[in-house]
Every structure is written in C-alpha cells, then in structure tokens.
Amino acid sequence: DTEVTQTPKHLVMGMTNKKSLKCEQHMGHRAMYWYKQKAKKPPELMFVYSYEKLSINESVPSRFSPECPNSSLLNLHLHALQPEDSALYLCASSQVIRGMWGASGNTIYFGEGSWLTVV
Amino acid sequence: DAKTTQPNSMESNEEEPVHLPCNHSTISGTDYIHWYRQLPSQGPEYVIHGLTSNVNNRMASLAIAEDRKSSTLILHRATLRDAAVYYCTLSGGSNYKLTFGKGTLLTVNP
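Chains A and B supply the protein sequences, listed in that same order.
Under the working numbering, think of the first position of the first sequence as 1, with each following residue one higher.
Under the working numbering, think of the first position of the second sequence as 1001, with each following residue one higher.
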C-alpha cells in the first residue's frame, strides 16, 4: 500500500469558517508534509512533521494550523482564510532515514490533494 | 537552496524517446537530484532520483553530467499517459528538503 489519502477532495469555505483538511497514510512513514500549490505553479512546502513533532514551519500564516495526532494522521486546520489562500493543498509522507526526513535517497509520496476555494 | 532550470514546455510523439533537460549549476556535493511528475488533477508522483551515477528504473533513466551541473530525464518510449509536468528538484541541506522548480510541461502527440 503506497497511498496517501486526503479528504475532502474539494472544499469551499467562507472567510469566517473553520474547517480542516485531513491526511492519512499506512506506510509506516514517520515524516509527513503539507505543500500548497497555486494554479500553474510548483508545490511549495508549508510544514514538516517528523515523529509527530513539527520540524519545519515555512513562515506560514497562523490562520493555517497543522496537527499530527499520531504517526498515520496529519491535519491542517483552517480559520479566517483569505480568497488568495485558494489552492491545491497536498499532503505527503516519507521515511525518516538516519534521523533525517526529506528526500536524500528517499521517496516522498504525495496524495492527490484537496482543492480549497475560499469565498 | 540550489535552483533548477528547465524548459517551460516540450513536445514529443507517442512511442518516441523523450529527453527532458535540467540545469542545476549551483548544486552542492550532497544534493540529490530528483524527478517528479504531476499529471493533471493529481499530486506529484516520484519518477527517479540520483546522486552521481546514472540511474535506471522501470519508468525512466536519469543521466547525470560528470560535473553534476545538469541532468537529463529519459523516457524511452513516450505514451499519452506520460503527458504531465515534470519537475527536476534538488534535495539538500540538513534534512534534504525537497524544493520544486517550475517544471516542464510535456505534451505527447498521438
């Protein structure tokens, strides 16, 4: 099983709403990632969790709040978003090798993404 | 972070080989070269990676220049299903963070 599952596939939310994106993997990976992808642009790293602890926050606004409740799950809580936050949000996972997450001799597996529209 | 430069787009015919180039002149000695592709409405998919030597797998081949300042992804026989954006990426630093470049949109003609 080499799948990263993301729900929901599509989400429309108002600027005052609170919603969450969910991600699940059962590959035994101990590193999980959130990327954001705007239309016709490459994915941009937002957060990295390693062994359920936040390792990287790429200066993401606090209206995005990640959570890693266990080694298989990763959430992204959304609150007071702006229309410019509309994008494809990608979850990914990978092994941690020699204490390092990321892509050394390592494959990062991506989910299909959650399309978010903020109205 | 070291950067990659790829052509914005390339075109190929079905069942012909495709050579996708990537320049990474500021690559450091410990940076890995990864290729991912993204089909329409899907997340990125791993294709291949390497450090110094050429690499082959069931999907593609990766040819790395001797000075490592460039690489080429080779699809031996393009199919319509290979139409995608191909990202040449470098991973490095203390945790081998994967940073995507702009990518090459590959169109495959029947």
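Derived from the structure by calculation, the hints contain no laboratory data.
Just so you know, these numbers come straight off a predicted model, no measurement behind them.
Backbone N, C-alpha and C define an ideal beta-carbon position, used for all residues, glycine too.
Just so you know, not all the hints are guaranteed correct.
As the list claims (entries may be wrong) - A short list of chain B residues far from chain A (calculated; beta carbon distances all over 12 Å): (1) T1026; (2) S1041; (3) G1093.
Unchecked claim - Here are the computed lysine-lysine pairs in the DSSO-like style, where the Cα-Cα straight-line distance is at most 30 Å: (4) K1069/B - K53/A; (5) K40/A - K19/A; (6) K1003/B - K38/A; (7) K1102/B - K9/A; (8) K1003/B - K18/A; (9) K18/A - K40/A; (10) K1069/B - K22/A; (11) K41/A - K1069/B; (12) K1069/B - K9/A.
So, going through the hints one by one against the coordinates:
no., hint, result
1, T1026, "holds, 18 Å"
2, S1041, "violated, 8 Å"
3, G1093, "violated, 8 Å"
4, K1069/B - K53/A, "violated, 35 Å"
5, K40/A - K19/A, "holds, 25 Å"
6, K1003/B - K38/A, "holds, 19 Å"
7, K1102/B - K9/A, "holds, 24 Å"
8, K1003/B - K18/A, "violated, 36 Å"
9, K18/A - K40/A, "holds, 27 Å"
10, K1069/B - K22/A, "violated, 39 Å"
11, K41/A - K1069/B, "holds, 24 Å"
12, K1069/B - K9/A, "violated, 39 Å"
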